[in-house]
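S.K.: When you get a sec, could you build the whole thing from the sequences and use the hints?
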Amino acid sequence: MSFTATEMMVVAAARQLSGVRNCFVGIGIPNLACSLAKRLIAPDLELIYESGVVGADPARLPLSIGDPSLVVGARSVTSMFDLFSFYLQRGLIDVAFLGAAQVDRNGSINTTVLGSYEKPAVRLPGSGGAVEIALNADQVFIIVNQSPRTFVEKLDFVTSPGHIGYRTGRGNGPALVVTQMGTYRFVSGEMTLTSLHPGVTREQVFEATGWEMAVDEDVVETDPPRPGELDALRHLDPDRVYLK
Amino acid sequence: MSFTATEMMVVAAARQLSGVRNCFVGIGIPNLACSLAKRLIAPDLELIYESGVVGADPARLPLSIGDPSLVVGARSVTSMFDLFSFYLQRGLIDVAFLGAAQVDRNGSINTTVLGSYEKPAVRLPGSGGAVEIALNADQVFIIVNQSPRTFVEKLDFVTSPGHIGYRTGRGNGPALVVTQMGTYRFVSGEMTLTSLHPGVTREQVFEATGWEMAVDEDVVETDPPRPGELDALRHLDPDRVYLK
Amino acid sequence: MANSKVTSMREAVGSLVPDGSVISIEGFTHLICFAAGHELIRQRKQDLTLCRLTPDVIADQLAAAGVISGLVFSWLGNPGVGSLHAVRRRIEGSDPRPIHLEEYSHFGMVARYTAGASGLPFFPLRSYRGSDLPGANPKIVTINDPYGGEPVYAVPPLNPDVSIVHVQKASAGGDAQVWGIPGCQKESAFAAGRVIVVCEEVVSDETIRSDPNRTLIPGTIVDAVVEAPGGCHPSYAQGYYDRDNPFYLEWDAISRDPDLLDAWLDEWVYSLKDHAAYREKLGTERWSALSAGDALSDPVNYGDYS
Amino acid sequence: MANSKVTSMREAVGSLVPDGSVISIEGFTHLICFAAGHELIRQRKQDLTLCRLTPDVIADQLAAAGVISGLVFSWLGNPGVGSLHAVRRRIEGSDPRPIHLEEYSHFGMVARYTAGASGLPFFPLRSYRGSDLPGANPKIVTINDPYGGEPVYAVPPLNPDVSIVHVQKASAGGDAQVWGIPGCQKESAFAAGRVIVVCEEVVSDETIRSDPNRTLIPGTIVDAVVEAPGGCHPSYAQGYYDRDNPFYLEWDAISRDPDLLDAWLDEWVYSLKDHAAYREKLGTERWSALSAGDALSDPVNYGDYS
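Protein chains in written order, with my numbering: chain A, -16 to 227; chain B, -16 to 227; chain C, 101 to 406; chain D, 101 to 406.
Be a bit skeptical, because a hint or two may be false.
For each label pair, taking beta carbons as the anchor points, the in silico distance ranges come out as [to be verified]:
#1 251/C <-> 187/A: 57 to 65 Å
#2 393/D <-> 221/B: 48 to 56 Å
#3 241/D <-> 401/C: 49 to 57 Å
#4 170/A <-> 376/C: 56 to 64 Å
#5 197/D <-> 189/A: 52 to 60 Å
#6 99/A <-> 245/C: 43 to 51 Å
#7 251/C <-> 74/B: 12 to 20 Å
#8 221/A <-> 357/D: 29 to 37 Å
#9 137/B <-> 250/C: 53 to 61 Å
#10 198/C <-> 74/B: 37 to 45 Å
#11 214/B <-> 120/C: 57 to 65 Å
In case anyone wonders, no lab produced these hints; they're calculated from the structure.
Cβ atoms here follow ideal geometry from the backbone N, Cα and C, with glycine treated the same way.
M.R.: Next up, the structure:
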């Protein structure tokens, strides 16, 4: 059964959610990965959104993290003060998803600017809740499209710190990176290739990385999406809004 | 029309609420004074209780500051965090009522212990919200039964500070004291007799005060309760729970 | 939906509240869980520290029964009546033994729970300046304004081992809804290591999820759910029953006399097997005198976005 | 009950939002008051600073119209679509003129409103360590833990001159009820010097008071009440209408081209006399595509204690 690189990304991320309880969900691919995991391998997965929705059970594909379909039938809907204070800072979040415009070998993330802060070439959205998520979630999963422009030796701006030592947060920082090329874990704080998606070579990964990517000695090929995974996933996004 | 000393206290306090908007109400005499004022002279008076009830309109005489009749038909019912943060600390409270086991010439209040803190002769309830009320309400009205035991030269314990200079709160401290004998205001921080209730002499006031009470040069006799005031008041407490 | 956490009060208190625990039982005049207090007495728990803004009759009973050895509090009394005589005997006369006091103000306690629930090392507040309370409790400290304003005060986080929270409605999974006076039930629950939700009635997930903004405590943080209708007596549950004001008056006489108090504990706690028996013993007449009429909230529309 | 504060959007914005004001228009994807934003543009307000966690299409419109000269924010973009091209032109090219940015994270902004609403000189949070944000914004500072733990960060209070808050239901006196995502509407209102409540519908005091726990903002702090049904379009009001996702996509093309953007402002704002005209111009077809079905909350019983 053929599949797209995006479908491979979603499935690879979803598989990592087995046994996870409280997940801080982003819109798009993270939402698809969490919804897929909840249906297939993690029925008790609690979908928590920074908009204040806890235990969402959306009847349609949400197109924003504040989609009204996330609210209807949720377990609890609360203020952002309560969500960031009592859930995130309190340490209740097991896994949180973050995206990135740039990521470095330590899993630090830039979503603020390309170029200088004062006179940016490209103004990006900024942190949103990412910096407190990066510091307070127990584990951070990074979903990003890999290229020399996104996997860089040096970030233009550190929005959300990765494994750069001591932090005020209670989280353990980035644990996983999933791209269209492979999956990566952090070995003593350094991003390390642990599995290559089907048809991707190490050389392609090296070419798409702005530093010398570490490779796990037991690097494997990612299991391709199984038919059951693909069926469930395509059912979640029938119009292929995110499964481009 | 005859009246009791307690009725005189309530009426004297109620008259001082003309023009007041947001009032932090205590149970008992303060509640009666506020309810009386709302009916007679301050229709826009907003009754706010530390229990979190804002704009109460109780259908019966409340017997506790958390009486369920305060909740039904209220404008808003909120958490204690919100009430103390967004109303009291924010500076929205115009007048707050406090009681006292001991009060001194500066309007400082003791509601904690008689005797030493470590080995008290009498353990009193403690602050409750009184210390933050004393420091953050714009004006504090003190309602207390006057005697040498309550009007003391030196407090056994300062629970809630009066006019002792600089404070972290945003309030202006005690503005009025009402007892069964008279009403008092603060002149450069010192409690000063401004009106004597009918039939009470200065000498009786001096005997009931543990320090040399200052007397305003324009001290007057308190207007006795008018029939309309007494009727409305007795209607509020038909069983004379507080109008003993 | 979520797996059921419904259990008996005996089981919940027995398994989740070991001797020596720091517990909170909040509820500001409203939703005070006497049913749990009585079970703690019945199981003869020892050396508990009770965190509660307003230790009232429930604290007097726990103190008299020798269950608690410490109080973390801000107001100590029988509201609208007077003193807690059993607590006062322990404070003023170490009779039968002393009780440790850690004293704050209401907002100080709320701020401590909020810091505990928020993973913050302290919480700042505009209070205490000029009061003797910081002198009596060294945990109340000043903190500088990093922007150069005058210092304010701070209190440390409070994280009870167990929080026992009474609510009106809860699902089997522990999603708890409260209306009327919420006090600091939410903050005390999120601050605690374990949470026991006691409810007037267990309701369906559908009822909870028809109004998610009403959920004060999510099942996410709840360890046990106990159904105990009438469990707040003599305090009240908004919309379920009224406060039993005569009981608070009666308690004054009971509490003044240690023998009367022991007899009361025997008759109303030790000799009853659970709160259902207490409820039955109170009798239909007393309950009907406390019955609350109906005043329903207007529903709101969440919309159907399927 | 309370005297009526109901007025028109023109009057409320005209009298309460002078040029140069610092304003907040919150609403996290939900209840974003475009009706007020358009009136600010229509009245050609100048030199406003907009405080908002997520300056999105509303900020792009205000920036393009030259109404705002500064942003205090935490996330800047067209959610689910991409960039705010008018804002980016001003940031990246000072085109047509620069815009001042004061940047935080979401919780930093919420903490600023909370400090402002609480009369606190700062608010502590566990964030920012290791980020370049404190370097970019000197108002984000560290603060020592008075109990000897590691330092945390703090942000200063944010007290807008005016907060414009969209809600579902409000009484004529300004008591405002919200359900669905509350964001930080409450904190931004209590933090502000003046409050304009914009509602989907003005309801009776009785409706509000039938469910006082639902009141997010009390009339006590409200200066004006404006009824503007549909006033959040293209964002949404839970239970009233859906988010107009196609509009957010369409906006990308409009916003990329300054001429198209000016034409849009002429057609949809300047040439319309008020939001009712905008609502009508959108047309019944578009509104029916956005209609929300019914999903009512189960009512709760507050009890009759008279």
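S.K.: Within 49 to 57 Å or not, the Cβ separation of residue 241/D and residue 401/C?
M.R.: For residue 401/C against residue 241/D, whose Cβ atoms are near 44 Å apart, the range 49 to 57 Å is violated.
S.K.: Should the hint that residue 393/D and residue 221/B are 48 to 56 Å apart at their CB atoms be regarded as holding?
M.R.: Cβ of residue 393/D to Cβ of residue 221/B: about 51 Å, so the range 48 to 56 Å holds.
S.K.: Tell me if the beta carbons of residue 137/B and residue 250/C are separated by a distance inside 53 to 61 Å.
M.R.: Between residue 137/B and residue 250/C, where Cβ atoms are some 27 Å apart, the hint is violated.
S.K.: A range of 52 to 60 Å was offered for this pair. Does it hold for the Cβ distance of residue 197/D and residue 189/A?
M.R.: Violated: the Cβ-Cβ distance is about 45 Å, outside 52 to 60 Å.
S.K.: Per the hint of 57 to 65 Å, is the separation of the Cβ atoms of residue 214/B and residue 120/C within bounds?
M.R.: 58 Å, holds
S.K.: Is 56 to 64 Å respected by the C-beta to C-beta distance linking residue 170/A and residue 376/C?
M.R.: 58 Å, holds
S.K.: Indicate whether the distance between the beta carbons of residue 251/C and residue 187/A respects the range 57 to 65 Å.
M.R.: 59 Å, holds
S.K.: Against the range 37 to 45 Å, how does the distance between the Cβ atoms of residue 198/C and residue 74/B compare: consistent or not?
M.R.: The hint (37 to 45 Å, Cβ to Cβ) holds, given that residue 198/C and residue 74/B are roughly 41 Å apart.
S.K.: Using the Cβ atoms, figure out if residue 99/A sits within 43 to 51 Å of residue 245/C.
M.R.: 32 Å, violated
S.K.: Take the C-beta atom of residue 221/A and the C-beta atom of residue 357/D, compute their distance, and say whether it sits inside 29 to 37 Å.
M.R.: Since the Cβ atoms of residue 221/A and residue 357/D sit about 32 Å apart, the hinted range of 29 to 37 Å holds.
S.K.: Has the hinted range 12 to 20 Å been met by the Cβ atoms of residue 251/C and residue 74/B?
M.R.: 19 Å, holds
Of the hints listed earlier, those the structure fails to meet are numbers 3, 5, 6, 9, in rising order.
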